[in-house]
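What follows is the residue order along each chain.
Number of protein chains: 2
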Amino acid sequence: MNNKNFIEVSSWFKFLQNEICQEFIKIENEFSPNDKKGFIHKKWQPTTGNGNCEMRIMHGNVFEKVGVNISNISGVISEEFRNKIKGAEESNGKFIATGISLVAHMNSPLVPAVHMNTRFLSTSTTWFGGGMDLTPIYYSEKDAKYFHKKIKESCDQHNKNYYEKFKKIADEYFFLNHRNEPRGIGGIFYEYLDDDYEGNLSFTKSVGLTFLEIYKKIVRDNMHRKWTSYQKRYQAIKRGRYVEFNLLQDKGTKFGLMTNGNVDAILMSMPPTVEWV
Amino acid sequence: MNNKNFIEVSSWFKFLQNEICQEFIKIENEFSPNDKKGFIHKKWQPTTGNGNCEMRIMHGNVFEKVGVNISNISGVISEEFRNKIKGAEESNGKFIATGISLVAHMNSPLVPAVHMNTRFLSTSTTWFGGGMDLTPIYYSEKDAKYFHKKIKESCDQHNKNYYEKFKKIADEYFFLNHRNEPRGIGGIFYEYLDDDYEGNLSFTKSVGLTFLEIYKKIVRDNMHRKWTSYQKRYQAIKRGRYVEFNLLQDKGTKFGLMTNGNVDAILMSMPPTVEWV
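As you go down the protein sequences, you meet chains B and R in turn.
In terms of the numbering used here, the first sequence opens at residue 1 and continues consecutively.
In terms of the numbering used here, the second sequence opens at residue 1 and continues consecutively.
Chain B stretches covered by chain R per the calculated footprint, using a threshold of three residues with CB under 8 Å from any CB of chain R:
id	stretch
1	238–245
2	267–273
Derived DMTMM-like pairs: lysine to aspartate or glutamate, alpha-carbon spacing no greater than 20 Å straight-line:
id	chain 1	residue 1	chain 2	residue 2
3	B	Lys217	B	Glu23
4	B	Lys254	R	Glu181
5	R	Lys160	R	Glu191
6	B	Lys238	R	Glu275
7	B	Lys42	B	Glu54
8	B	Lys251	R	Asp250
9	R	Lys232	B	Glu275
10	R	Lys254	B	Asp250
None of these hints come from the bench; they were simulated from the model.
We treat Cβ as the ideally placed atom computed from N, Cα and C, and that holds for glycine.
Next up, chain B with everything else stripped away, as it sits in the complex (with noise of 0.2 Å):
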């Protein structure tokens, strides 16, 4: 593990996540510049090792919750975790993780919820994993081109096989599996990337800001749409299946609550408002 490469990429994530916050306030004082919103920040220390972490999240009138979270964290993983993560009974569960993770839940039905998380782990061997995916509650071609179509421009830059691979992993992954539906219409995810530490840092770097400049733009091209209470009850109803997702099948959310993350931090992910018929 080397100490400069993990504060190189900590560093990037906390970069990432200025920029992400301030992008989102500017689209909430575009929307209604006299109700102003803004972050509430909330710092702690993990209680399972050494680092820091930094919880971001805002109500506001087109976020209707978005969670943008930081963490910087090593410890040790304990014994029954360890054959769930590479190379963790190599290192006797030592590790050190950073990573960036977001949910936006939207106020308005026709601006689709999103979810990004880029990291950086090590163990006995190190990596990077991450990805994006986009989950509409009514489906717009125009948005689902777009999105896929500049994600794979920004792959393509790194590796003409990046999108097409972790595209296969997202649609995989982001499907419920009691219901035999996916989650939304995907994205890209990766893990293990470990092949070249500047060329996978590049491109974990691409994802955050191919992230932002996709969702920027259809965040502002649908949120002055007009929309009804019936669509508004529907998002919620569409809502518990995220919820359920993140609950019954989330690798993260599960690993996080079993090894006693902080439950608020991880749980950042639930939708504001949610309903089962």
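Please build the complex by placing chain R on the supplied structure of chain B, with the hints as guidance.
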């Protein structure tokens, strides 16, 4: 496995389902005589074996959402889950099961939510299981004392050890590990009760009838009390814990979803409206 016993027990569950639904409709009529409510009945046959199931669901003025389901299923448990069910490896996965399951989420935040289920299962061995537990939004010592006192009286008529033993199981089971907090005020929970068919059935009948006696009183005692929108919102947040418990921990929910059970029937336990801050 004794087919005669199976028919006897499943007939009891069918009878109990009717009794409960009639009583709940009576309560709705008392509360709002000019706005009649009733249960929607949905019958289906399990896709994973033989049998017949019936889900009854009501969206009322007192009962915001209540489901009372019965299921009668025989089939083969897939190899990967056999080690999780007593006697299933010895029976080559063959099983027969009958049960009743009830969850009520109440409109008033001053009326507790409740869960009750009882069941009879055969693999290479045959047993009764079930229980009930109460989830107040706001704790009421009067209700809590009454709830536990009545359960104890009922248990004591069958076996002087039951209440203490089964209360302990409920306290341990209905506990959110990641939040380090109980789901509600507990109740009783039993499994693998197989020492005496007649006695165990008699106890299982008591659990169902005692549930109905207790809960109808708690509902009537509290349903006319005035509540505020603040209390209603707190209820929605508290319900988030119910969702977390059922999707992260509840064995019946996870088992049902993993074995391709009827998703609507399994997730009938989900609260109608939920918030995460």
